[in-house]
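These protein sequence lines are chains A and B, in that order.
Quick note: the first sequence uses my numbering, first residue 35, plus one each step.
Quick note: the second sequence uses my numbering, first residue 954, plus one each step.
Calculated from the structure, these hints are not laboratory results.
We treat Cβ as the ideally placed atom computed from N, Cα and C, and that holds for glycine.
Some hints here could point you the wrong way.
Unchecked claim - What follows is a set of in silico ranges between Cβ atoms, one per label pair, in the way DEER data are often shown: (1) A:HIS128 <-> B:GLY1004: 21 to 31 Å; (2) B:LYS1163 <-> A:PRO418: 45 to 55 Å; (3) A:PHE341 <-> B:PHE1048: 22 to 32 Å; (4) A:LEU455 <-> B:LEU1150: 41 to 51 Å; (5) A:PRO418 <-> B:LYS1003: 47 to 57 Å; (6) A:LEU403 <-> B:ILE1193: 56 to 66 Å; (7) B:SER1002 <-> A:PHE341: 12 to 22 Å; (8) B:ILE1059 <-> A:HIS128: 46 to 56 Å; (9) A:TYR361 <-> B:ALA1021: 23 to 33 Å.
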Amino acid sequence: MRSRQRLAVCSQLRRSTFIVCALCSVFYALSVSYAAASETSIHGFLQGNYSADLDMSNPDGGDFKWAEERMQLKLDTNKEPFRLFFKTDAYYDHVDEKTDLEMREGYVDFTSSKWDLRIGRQVITWGVGDLVFINDVFPKDYEAFFSGRPMEYLKKGVDGIKIGVYPSSVSAEVIVIPFFEPNVYPQGNRFYMFDPMPLVTNREEREPSGSLDNTETAFRIYRDIAGFDTSVYFYKGFYRQTSMLPDSMSSPTKIDLFYPELSVYGASTQGRALDGVLSIEAGYYDSRQDENGTDPMIPNSQSKNLFGYQRQIWEDFTAGLQYYCEYMHDYSDYERNVPSGFPQENKLHQLTSVRLTQLLMHQTLKLSLFSFYSPSDGDYLLNPEIKYNFSDNIWAAIGGNIFGGGDEWSQFGQFEKNDNLYAQMRYEF
Amino acid sequence: MRFFILLLIMLLPVETFALDATDIMKKSQEAFLYQGKDFKARVMMKLISKGGQERVREMTMLRKNYGASGGEQKYFMYFFQPADVKDMTFMVYKFPAKDDDRWLFIPAINMVRRIAAQDKSSSFVGSDFTYEDISGRDIEDDTHSIAKEEKIGARDCYVIKSAPKAQDADYSYKLSWIDKVNFLPLKEEYYDKKGELNRVFTADEVKDVKGFPTVTKRAMKNLLSGHRTEVTFTKTDYNIGVEDSLFSERFLKQPPKKWVE
């Protein structure tokens, strides 16, 4: 049995090696063809990333939330006004015992004096929140975050087109995403999580089809107003978390998982105030498939607000505070319709965060603490981390994710049995 | 005519001494940090520990002046090395009488973030230089006096003592050796709160770039820790027509090759 598994792994490794070789050949061919007139660079890293359970084993019996070796290659080639960029990861995942390739980013840029265009898989980050996202409606990988992976893996790329327009008075960005990309949430084999209908295992997930109607659009217009970087946003697309639709409320046998329609109207501003940096962001989440708020299976429309403040207290020590709240519209309709046995959400969900960062030893040693605490739910997440740069090329970090408080269904309370200690090591070249 | 020459000779030293310490420091800051309308350099920083371990920071730095010497400036920096900060960009709007605005672009998550910037005496990218050493301290924040005159090598210098008016600096006073001809600081000594010599700056190479004498090699040594930072400027140039639009979120995210190479 074991040797069969090993054979399977070997064949996967061979396939991945083949793909990596093929990709390298493409990189090489591209770089040679561009070499005469353009600049090409190849960088990347080798990384080990392991995260062990602190409280108890995973639901499937494993003791690691994450355990992998990974290689990333970044190819960047420029021939103005064009730029080609690829960021590809090859990895071996010990938990699911698989080797795979992942195209993290891959796009072509065209740059003109007053506008630019990016086509392909790209990471888009909007808004001013620190791990709190209102107008950043683009896909995230929360499993990565809760498993103790480096922060960049929280963001996922989208396949789309970005057009930037930069006349002198304002700047604007339009994003068009033809193919829906959901968020990644922790998986049931690695994480204990709340499930309102655990006995119904027959589940079918439906992503919005790649039709013209379902193409997501996002728009941002921004400029400096009195020293504050100010943006206005609009998004038309879908929630990136599934909603459940059971075939029967009283005795369900099957659950359809789907992504309800969503529009977001928002704004943010960030600037220097009170000897620090002040951030304010707001958004109205228009739940288009549940305008009246009467469908308990689809999120009600909400107003989301964020206030943030960060300040350097002393040399190389920075503190950041955030207050975030979600106000549910049509709450009485929601209350009337929420099925019995389902946890009831608050009308006002509140979340606070603290981030403390101290750099030491010529900024080679970084001590940090990030924490969420919800005053309305009483649950929390603690993420302490120590990162040390052994040299310009090698760094390592150890840290932990500690969850608790609240109820068994609340945002962090449901992860109570998933405390983990992680180690990340990276050689960068 | 002879009387006129005599008068001139009599006036000359008077003219020289008419420059008080504050004027000298203003002229020095102008020569060191404000020359030209704009400036570009490829900067190689070597951070060297007491044990000799070296780390490297390599960047292109662009600077543009807004208004007179001692006034507003904008800085744009693009990092080549080390690998974990490659493609990061950093932007500063420097204001003389209030805190700077600072932005950092982190390519891995495609995010531009404002940075809280209250402490100007914080280390710049882990080096022995502080933010103030890089972009200059407001002349009005210190009381300046001429301590003595002395030669550094063959160069005649004023030695200016500058003491902070408030308790906001990490030194109790600073001595600056200012070249009498080009007003560049050739050496600076920082004395800590106990009056002990803490940090020493030296200008190790001065080159003429488009008629502007420019410090192209410099070092800062921390005598207490034994750590030092050596900086070399190459590809230096002035008045290259850096556009205002460079200092924007758009170009933080996609720095134009023509400026950062």
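Right, here's what the structure says about each hint:
1. A:HIS128 <-> B:GLY1004: 21 to 31 Å: violated, 37 Å
2. B:LYS1163 <-> A:PRO418: 45 to 55 Å: Taking Cβ atoms as reference, B:LYS1163 and A:PRO418 lie about 52 Å apart, which means the hint holds.
3. A:PHE341 <-> B:PHE1048: 22 to 32 Å: Given about 25 Å between the Cβ atoms, the range holds.
4. A:LEU455 <-> B:LEU1150: 41 to 51 Å: holds, 45 Å
5. A:PRO418 <-> B:LYS1003: 47 to 57 Å: Hint violated: Cβ distance 30 Å, outside 47 to 57 Å.
6. A:LEU403 <-> B:ILE1193: 56 to 66 Å: violated, 44 Å
7. B:SER1002 <-> A:PHE341: 12 to 22 Å: Check failed, 41 Å falls outside 12 to 22 Å.
8. B:ILE1059 <-> A:HIS128: 46 to 56 Å: violated, 29 Å
9. A:TYR361 <-> B:ALA1021: 23 to 33 Å: violated, 50 Å
Taken one by one, the earlier hints fail for this structure at numbers 1, 5, 6, 7, 8 and 9, listed in ascending order.
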